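Given the structure of chain W, go ahead and fit chain Y onto it with the hints provided.
Same order as they appear, the protein sequences are chains W and Y.
Using numbering that gives the first Met the number 0, count along the first sequence one by one with no gaps and you end on 211.
Using numbering that gives the first Met the number 0, count along the second sequence one by one with no gaps and you end on 1005.
Quick caveat, the hints were computed from the structure, so don't treat them as lab data.
Predicted model, so just to flag it, every value in this text is computed and none were measured.
Keep in mind that a hint or two might mislead.
[Claimed, not checked] What follows is a list of derived Cβ distance ranges for each label pair: (1) Y/PRO886 <-> W/ALA90: 16 to 24 Å; (2) Y/THR996 <-> W/ALA90: 39 to 47 Å; (3) Y/ASN866 <-> W/GLN40: 52 to 60 Å; (4) W/ALA86 <-> Y/ARG958: 19 to 27 Å.
[As the list claims (entries may be wrong)] The list that follows gives simulated cross-link-like pairs (lysine-lysine, DSS-like), each with its CA atoms no further than 25 Å apart: (5) Y/LYS291 <-> Y/LYS579; (6) W/LYS184 <-> W/LYS88; (7) Y/LYS1005 <-> W/LYS151; (8) W/LYS184 <-> Y/LYS1005; (9) W/LYS151 <-> W/LYS184; (10) Y/LYS472 <-> Y/LYS291.
We put the CB at the ideal spot given by N, CA and C, even for glycine.
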Amino acid sequence: MSTARILIAGLLLWPAGTGSGQTAEFGFGFGGSFSAANTVQGPFGQASAGFDHGFSAGVWGGHNHRYLGGEIRYLYEQDRLRVASGATKAAFQGRSHAVHYSLLIHTKPAGSKTRPFVAAGAGVKGYQGAGTEVLYQPLQEYALLTRTKQWKGLLVFGGGVKFALSRRLQLRAEVCDYLTPFPEKVIAPAPGAAIGGWVHNVVPGFGLALTF
Amino acid sequence: MRDAIRRRRWIAAAFLWAALAPARGAPFGRVVPIGGHAADLALDERRGVLYVANFGANRIEVISLATLAVQSSMNVAPQPASLALSPDGRYLLVAHFGNFAAPDSRTNALTLIDLQSRGRQTFALGAPPLGVAFAIHGQALVVTAEGFWLFDPVSGAARQIATITDLAARTLPAPPANFSPNIVAASLAASGDGNRIYGLTETFEFGYDATSGRLAILNYVSDPPQGPRVVSVNRDGSRYLAGWVLHGAAIWDRAGGVWNLAQFPEPEGLLDVGSHAIDSMRGLVYAQYARKPSEGGNPPPGPPALDVMDADNLAVLERLRLRERLAGKSVLSSDGSMMYAISESGITALPVGELERAPRLKASAEQVLLEGRFCDRRVMAREVTLYDPSGSGADFSLSVSDPGIEVTPRTGVTPATVLVRVDPNAFQNRRGTTSVQITLSSTRAVNEPRPIRVLVNLAEPDQRGTIVSVPGKLVDILPDPFRERFFVLRQNTNEVLVFDGQSYQQVASLKTGNTPTQMAVTFDRRYLLVGHDNSQLVSVFDLETLAAETPVRTPPGHYPRSVAASGKAILTANRVAGPKHTIDRVDWATRTAVELPSLGVWENTIDERTVLVAAPNGASILAAEADGNVMLYNANVDSFTVSRRDAEEGELRGAYAASSYDRFIVGNRWMNSSLVTEAVFAAAAGSSSGFAFVDESGFLLTAPSASDPGVIARVDPAGAALVRATRTAEAPLLGDETFPFTRTVAPLYGRRVIICLTTSGFTVLPWNYDASVAPPKITSVVNAADFTPALAPGGLVTIFGEALSPVNLATRQMPLPAALGGSCLTVNGVPMPVLFVSERQINAQLPYNVDGNVTLILRTPGGVSDNYNLTLQPAAPSVFRSGAAGPLTGLPAIVRADNNLLVTPANPVRAGEDIVIYLTGMGRTLPAVEAGMPAPAEPPAAAVIAPEVSLGGVGLPVRYAGLTPGLAGVYQINAHVPWWTPEGSGQALTIRQGGWTTTLQVRVVK
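Bound conformation, chain W alone (with noise of 0.2 Å):
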């Protein structure tokens, strides 16, 4: 499924229109990108596989109630992934795109000059490999580094706040959780070796948005 498929369907996503009562808004921001490794059981011992700290831009679109809001969002990241085993460590250039859909409850209503919030939601997460293959990579044995894409569902938790600069600005500061299952064929393990569970994607970040 191609980064451009993704999108289009995010857009379909998009509620018909808001109604009288609503705004809307639109914005984008900046954050960094960490993630905790997980393990590699290989046939003669373990090593750890995943992402290296990057950063983080994204670009959403939204509707508010009083309480409650809902936006749709597309966060691009790049993070190096890496393969390592005590001092020796192997990694490849990396990124990734995700676009999904979160329903926002705000402690305050509309209108307020604070309004923390807390988000969930769901979408789908796509990881590329995108260095330069070489003849041998380091510890191999585990798992393989590869210049390759594959889209993985996508689970979002996260919360923060957002501050009225002005009638129509907002400055926002959140963090959230991107939970996918492991991207096994961009980092596919060797044979013999096993990786598993959930990749957590942590995103603090702040942005900047529009409201209408």
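Just chain Y now, with coordinates in the frame of chain W:
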């Protein structure tokens, strides 16, 4: 009727002459006649002209650099002999040589021409001027027969800085056909930076340093006279060429002195023939000079040629044809693009900067060795590529001196591949190596192409050793004292070739002085020393790093032909340009040599053809002289303690060696510590060539002639007798009249092999070459790709067994030889080309024209193997497992076309891309290719039986399946991987061909 017959004879004779006359190439450069004799020239690049002193016509010709035509002439006083242009380009100073004998009046003078105002002043001189040159400070150094003067062109004042007392200038009128170099007999030139001026007169060389104002007499001229009577200086004045000698000049700095770095070999010393120029930018010397006539008085053959030489040691890199002889000074343009040289008609302009774009004819190989073996009497063939480095295409014509050698095509245009074919039956009674020359000529090429040396060797099974072809004139061999490597002295290119003692491949080349003659290792085993016949220095190389060190300078006129190092002293035996030849002692700290006042109680006078060799324990140095004398230097006494003459003139020649056990060898004589001959070996075969002591025993190498097999024998020290004489594959090097002593045996440090310097290069003999050898035994035959028994015609195979070869040897020859290291394989009687031999393994190629049930037989010096029966499939593809990545080995040779890297788990096959699979055993091809020959590129040799390839069950479209161009027995399949090919880490790649299938696992991603 008789007239008609006579006319036909003349026509036939004319055709014969045309056929036999060597084709002449296109001369390099353009001649500008001046209607007289040019005496000197000066380049004025600002005005775009060249000033040429027309000696007899009393003119300064002004030649346009753009049109190379005489654009005007300045009439000046009689006999303008020397010219110089001031650094600011304003003044042209002309010296007039008017040294008429009484009663005629002398007309010696200087003319100063102001090139801006066109004003002229003439200054009378009391003595004949020998030359003028401007220094960077704007004053001209004027040298007359009586002194040195500094002339200021602005004031017209001249200041004498030194006087000359011992120089008698020649007088006018001169005998007919004498030119200014013969009459004035002097030359001056300034360095490119103008800081230094060097000059050459009839009796001495001198130098002037403009920065310090110091003038020094540097050298006294030698015999033969230093012709051409020309001086050339490099950019910074650190080197200059005077006549035929290249000097290093460190006189101006703390190192001090001037010494002979190199000289042109065999100069005749004609003052008016030749010229030279140093191209500092490219590190080259362009030179022409008169060589001594060969024996019998015949002049050197061929038209005049310009040698392009290495500026460090005057090694000739290329030889270019000239339209006429050069005859005086040369100058180079500031950008190095043009050289203007005085020549017979006036000036020759040589576009040396355009040399790379000039058509030239060259061959890819200097030497071709064709070895026919007892098991293969088929016609042998070898390809040589003729090419023009400029890429413009040069015509060529080839001639061969021996009818047994066929060359096709004989004429054509480069680039061209020439096939050299030898019918062994034409050489069937020759058991050594026969040397034949292929002469190259071209009408368009500006160079004199070097001939190709074809060597034909038809050794019998009892002739031991494996020949390794090394072109050039090889004159000495020496093993490294601590490492498994050895050194070979290549005299014609002035270099030491360093060879690995395991692979016998050349691993380095060390630049020596001119005409290196002999090597030695210092007693501390840290340095390699090289003596020379045309450089007055001993080259020094660090054996650890192989870097050149400061050389040892010998006294003026001393050419250290031989050098030896004992524990106490390093001695050199010198050819001396003087009344006697001497032995010098080296002062290692100052890297200089001094002549020993005496050799113990004996005079320090030796034969010119003396060779020195030190005992390995450093106790002594043996001096063997061709006139029959032998001497011994004792390191404990630090003097010569023995001098004897038990042989007649010419009796001592060939081998020479010294042992650590007070035993010495000269020729066939075995001598004790008093150099008394204890035994004379009955030469097993002709002349002695080399001897090497190993402990108390040793190896003696002899041969009747260069085209016969050699004979090597061990020496029994008890009875001083030769034992177990064994024939070698070819003759060792034999001495000549100039260098009668030879060293051709080098037992390597590991005592595994003995290297012998032989006709074609060197011959590798196993240490136990004379041991009774077991017949070979074949235990298994598999394909060389995946080591399975799948075999097909044309495929590469690996043979395992015992006693398969006496040596480990791989070849890079193409076509592949039919035998290697004395091992020769046949299948149903058809010889198999061989790539590698060792005691337990041989890699070879199956012929294309055998299949089904076949019989393989191996012949070695130890005998003949039992028949080994095989079954060959029409096709049996096997993918090479020769790939390696990190610690992974044995990877299949599959390459991703996208990144040209081997397919590995980290570099997987990607759906949608192309892959190239390298394999063997795909059988016959169209067009057919002979086994051992490199596969053609156009058209490529495609497999007759088309293979089917699938990956993960998906068929791959095959774009090409056939032999890999340029290789023998290696095939490739170029296939496309469709995008729907399934992903996975262990997808099955299957190749089916003619009923045979091979499968391997690869990783596929999308």
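Point to revise | Index of numbered hints that the structure contradicts, given in increasing order | key: 4
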